[in-house]
Amino acid sequence: GPKVLQIPSHQIIDMGQMVTLNCDPVSNHLYFYWYKQILGQQMEFLVNFYNGKVMEKSKLFKDQFSVERPDGSYFTLKIQPTALEDSAVYFCASSLQGNYAEQFFGPGTRLTVL
Amino acid sequence: QEKVQQSPESLIVPEGAMSSLNCTFSNSASQSIWWYQQHPGKGPEALISIFSNGNKKEGRLTVYLNRASLHVSLHIRDSQPSDSAVYLCAVSLLSNYQLIWGSGTKLIIKP
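Here the protein sequences come in this chain order: D and U. Residue numbering for the first sequence is 2 to 115, as defined by the numbering used here. Residue numbering for the second sequence is 381 to 491, as defined by the numbering used here.
Keeping only pairs whose Cα atoms sit at most 30 angstroms apart, straight-line, the calculated DSS-like set for lysine-lysine is: (1) Lys436(U) with Lys486(U); (2) Lys437(U) with Lys4(D); (3) Lys54(D) with Lys422(U); (4) Lys436(U) with Lys4(D); (5) Lys422(U) with Lys486(U); (6) Lys383(U) with Lys60(D); (7) Lys383(U) with Lys63(D); (8) Lys383(U) with Lys58(D); (9) Lys4(D) with Lys486(U); (10) Lys383(U) with Lys79(D); (11) Lys422(U) with Lys58(D); (12) Lys422(U) with Lys63(D); (13) Lys79(D) with Lys422(U); (14) Lys4(D) with Lys422(U); (15) Lys486(U) with Lys437(U); (16) Lys60(D) with Lys422(U); (17) Lys383(U) with Lys4(D); (18) Lys383(U) with Lys54(D); (19) Lys422(U) with Lys436(U); (20) Lys437(U) with Lys383(U).
If you want the footprint, here are the derived chain U segments under chain D, 3+ residues with CB under 8 angstroms: (21) 425-438; (22) 481-487.
Hint data in this document are derived by calculation from the structure and do not stem from the laboratory. Virtual Cβ for every residue (Gly too), placed ideally from N, Cα, C.
The task is simple: from the sequences and hints, build the whole structure.
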């Protein structure tokens, strides 16, 4: 089936540094999402993105977070600066439509902030 | 704030038997309910979704939705060892496209 890729699979950085998580969504999809899962907890919505703009963001999407998809390339999540509580697995997803549509997920990026 | 709860936390089922997983949600206006399967180290993969009250069958999977009791269940007939995974219930809201997730049921099928 359709595949979403995420790069890197693991990232370890020092607190205060910047990190960029990359997502290669399904090629004809139009809606993009980031979710965060802290070890042992439920997955939580961060943000969704359509037509070059953030549609909605949760309270977890702090001011230090930003997303973009320049020129149809990778959909990225940037955290600057990082904090210890940002350690989690970040999942990217994409869908062809918004409502009712299946979201296809990547394998996740495990971020460890030291 | 929509809340999604799943039970049981874990389930061991003999091969060939029926696996039954439960999910409750807090908002009767929730748009659609999805069941996802997640293997270790992988992202969730959608299995089946339901919007209308009643049941829906796809292959070995049957899902039942009762909006009045805010309950949805997933049943896997003839469970196989390859069905061993974490099963996640996710609810999408009328107002936006985000998914609200349960904490998952870890299903183990014993040969």
